[in-house]
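Turn these sequences into a full structure, and let the hints guide you.
Read top to bottom, the protein sequences are chains L and S.
Just so you know, the first sequence maps onto residues 1 to 721 in the numbering used here.
Just so you know, the second sequence maps onto residues 1 to 427 in the numbering used here.
These aren't lab readings, by the way, just hints derived from the structure by calculation.
Simulated DEER-style distance windows between Cβ atoms: (1) Leu409(L) x Gly228(S): 53 to 59 Å; (2) Glu346(S) x Leu635(L): 41 to 47 Å; (3) Glu536(L) x Glu213(S): 36 to 42 Å; (4) Asn300(L) x Thr292(S): 48 to 54 Å; (5) Glu213(S) x Phe229(L): 21 to 27 Å; (6) Glu346(S) x Glu136(L): 19 to 25 Å.
Residues from chain S that keep clear of chain L, each with C-beta distances beyond 10 Å, as calculated: (7) Gln26; (8) Pro70; (9) Leu94; (10) Thr97; (11) Ser98; (12) Gln139; (13) Gly286; (14) Gly289.
Ideal Cβ placement from N, Cα and C applies to all residues, glycine included.
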Amino acid sequence: MCERHGETNLVQGVGTMLVTTIRRRALLIAAMMLPFTSAAQTPASDSSAGPEPLVITADFGNDAWVDGNQPIGLRLSRPLNLQNERLAVIIGQTDLSALFTVTPTVARYAANTLRLPSGETEIVVYLVSPGQPWQELARIPLRVRTRAGFYKSDIKPALTLTTSGQIAPYKNGDGTRRPPYAGVTFNPAFTTALANENGTVELQSNFLAVTKQAQALRFGAQGSRAPKFDLSDYLIKGANGPVSASVGHVSFGNAKHLINAVASRGVTGAVNIAQIAEVAVGLLNGTSIVGWDNPIGVANDNHRIIGASVKVDAIKSRPGSVLFDVSYLNGEQLPQSGFNQGDINDREKNHGAAFHFAGKLPGDRLTLDAGYAISHFENPFDPTLAQGDISLVPVRPETKAAQFADVTLAILRNTSLTKEIKVNLSTTFRHERVDPLYRSLGATVQANVLQNVIELTGGIGPLAVQASHARAEDNLDDIPSVLKTFTHVTSVNAVLPVASLFSASKPSPWFPQLTWSLSETHQFANDVPENSDFAETHAPDQMSRANNIDAQWAIGKWKAGYRYNISNQDNRQLGREKADLGGLTHNVALGVSPMSWIDLGTSYAFEGANNHELAQKNATRRFGANVDLRPTRNLGMSTVFSRTWMRDYPLTTDTDNDDVSVELSNNFRLFRSSAERPSGRVFFRYQRQSSANTAFLETIRQDPVKRRVWTLNSGVSLNAF
Amino acid sequence: MRSESVIFRAVSVTIIAICAGRADGQIKVNPTGVNVNTNGATTAFLTFGGLGSFRPVEAEWCGELVSAAPAAGLKCDPATVFGRLPVRFDQSRLSGTSGFTDIMSIPPSVTRRAYQAAEAGAKSSFFYVRRFRNASTGQEQYVAVTCRLAGGGARVPFSLVDVSVKFNVETPILFIKPGETLPQLSARISYNGTGRLKGRWEIVYPGEEVPSERDLLTEATLPLEERGTQRRYAELGRFNVFLPPTGEYVLPGPDVSRIPSTTEGMYLVLLRIEASDDKEADSNIGSVGAGTGVVHAGAVAGFPMPPLRYVVGAGSSELAETTASTQVRPLSPLADAAIASNAPLEFSWTEGGARVAFFRVEVRNHSGEDVLAAIVPRGTGIYRAPTWLLEKAGSSPRWRVVALDLLGREVSKSDWQKLSITAAAPQ
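Structure (structure tokens):
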């Protein structure tokens, strides 16, 4: 547990420690060059005498306590022979070798990059030589100061107050009147983490207060009734031995067809039994929410999901070889969308159970992952659908099932093609059947489908390839009046770091990383349903193809990328033979950071669409550029520009859109102290958007309709803690 | 004679008035029929034309039609009503020349009712019936659209029926410190039909006026004359992807290096979807007398696109779980690869994602306990593991790569990859 916190500290510490960009970059470069830079500084060793034993000592004293952000050094009794030696340093359970800078006789870790783990841990130093096992050189205790009684004890209240608003203009180019205004945002937050040898408790909470009603978190759902000071989210996680629990925004479930990673406000808990079984329960709100109204998330009986699961890893000596779990769900939902969701929803209710089995044969050449779920589903009376005065045909409750099985066979495993190139190949057969009208509130499942997929996954050296062919059909009850559709999908994906083809040991950055994918879908119906209003032309017969190529380069301070996509939709059914569509896109992006305080970027995109039936084409071109400047530690300027041209052929409209944004911001400290807070920031932002829409009537250009708006916003923010 | 003439004229005026009333109310609709998804929701763009003095009232779905006499048209048989268009999905507007743009969003429970009726032997098609009323005369007309039960793929109008926009962090609102890089974001989209999904990612800065619900509708949901009038915000990037007729897609978000995080305050990331060309979603407004030509309505949706909020300031979302990302992809060893316990082990991955400064390779044993982690700076793409790692990790370890920004925050992470450790190979 302590070590885990150490890792968390490592991550959290980065944010506060990394403040000097130049130092940071120097450190990174030094770290990446660790094995190489030292070589240049190391005198050639006398091979005839044999290598002198290497002794490592700490420069901070074995029993001394150090601060989490204190640099530490390891003294080497002799320089490394970098032809065939390098140091590896593991602190706790994290290999930080790449972040050590090595001079001939000292390896130094600047803890301002990543904070040292709190509490008592150990540094283990290894000598690494090609083809040899790592040779342990030293174990050095590391004691990083903690607060009394806890390996970790962080209690962090935080508060940000922001005033921002529009200071000009009063009337805009499009005729709209938006008089200058100001709004205030108040963001208190609280974070706590406590840990000792028995367990941990972590808490995180965020709140938001605004003065403008339209910015209230629940304005979309509640309008003027939405509280201006509201709870955004919180999470309390605790663990003590084999027991763990969470309250707040949690997620629950691992049953594919029944309850799968449902994320919402609620309560979850789990008990680990003898390291072979786990019992877990979850009680969650029906959809993701914010606000004070339902603080635990489970107050509304009609909008709640209850889940439970028991997982057993049956053979302790061969973990993962026989694993099964049983899940249960009972839930009900009102017709409400989640906080970040829009959907066409209903009032729904269901309960069900799922069984899942995973196993593999000794040698692991054959693995099986299979599951079966059964769900009883109904639509309770929904007044928003009946709207009070009509009688609806009732929905009959149904109990339906879903099943899946994935079988994987490893055909080739690290088979040598040449001395350096290995080949791997495995094949997977996937089967899935979901009954018509199957539905569970805890999983997004497409009902009424039978699908079988054969998949090949392999690699030849650095080339990774995946190919699959899927066949699916719907209308599994074969109802004669309902259309039955068949879908065949073939796809290939490949990833290749081209550089590794030529030199695996020292890859050249000029070669890109290539990704290619091809997908072909044929969807068709065999018959026209009887006792329906279908005509032959209503039954689909369509072939579509999409082809993507992506190339990415990272060359020193430069980054570049190119993406290409072409698609084609070929309709073949009666009456639709000519209704074919094509699409094409090119995207090019280039970025560079010539100095630590400048970032430049530019991009160009072309999008073309072709309607073969109407002989119409559309073209969209976009150019974008950005300049980010940080001339001083506190001063920053960000500029973004984009222009988009849209035109169709034959020419009926021609539209240009420009978008410019310039933001200037400056940090300031409220008092003369070295503490980061209290601090503040002042900003000014200029934005301008303009568009010109020109219509063409029988190729005669009409007067363009122009629209131009600009705003000047400014604000001040204060960070109290 | 005079009285006959008066009677004749009165009758004539009445007949003309009735005919005029009828002519005033010759309401037509296009399309007159659509294929709908049997197994879920469906949305379609409809244009009613020739409204004259009639105004739309409510809309119902039902299994059978009966004569609406004395009103004009066919109305729903009251014994077979499946539901009324819920107010929350009603995005309809009067538009064009005496026209009316209706967005028909069919909840899954309505098609469930239709399916159960078809299962029992009834005709599979059902109807969407819009009632129109002339407020001055009290006359009513009913206009029906046929809905045919099909799969949700080709020949069904290209429409969005479920859209969730999320950062790759399990939290409704993301809180970050000034200057931190945001995690990847994406939109999970359930759709019907097939077509090009194109549009823009935009951002609302602190202090800017927030968009209205109408601003957040997809362009294809709007009547022709309203298109291009939605408020625009600063553009983060464009997208244009082809969606095959398979119903689900995860749209990657914009380059996170372009998402601002310097200035404190609340930001909104907007998903702006432009109308695309899809024959099934076309509505011929000329054929119903509501204008000229055809309205393309590919990517219609019956609800506003959800804005994604994040707050730069004091708050933190560090405790929230990070979900798997597609930008960091493990390359080797392959998933489920068998590795001899004494073989040299090298992890490699793709270095996608902007502003990623470090990668953390994590290895866990079968029980989920951490065995080893390693921090590797960007640009390396490879980690050579200690020779003792496999021995320590047991028979079924798993590994993943976590991308960290310069401030150490998780930007994205890959899925866990399983390894199978076999007996030591002979040296």
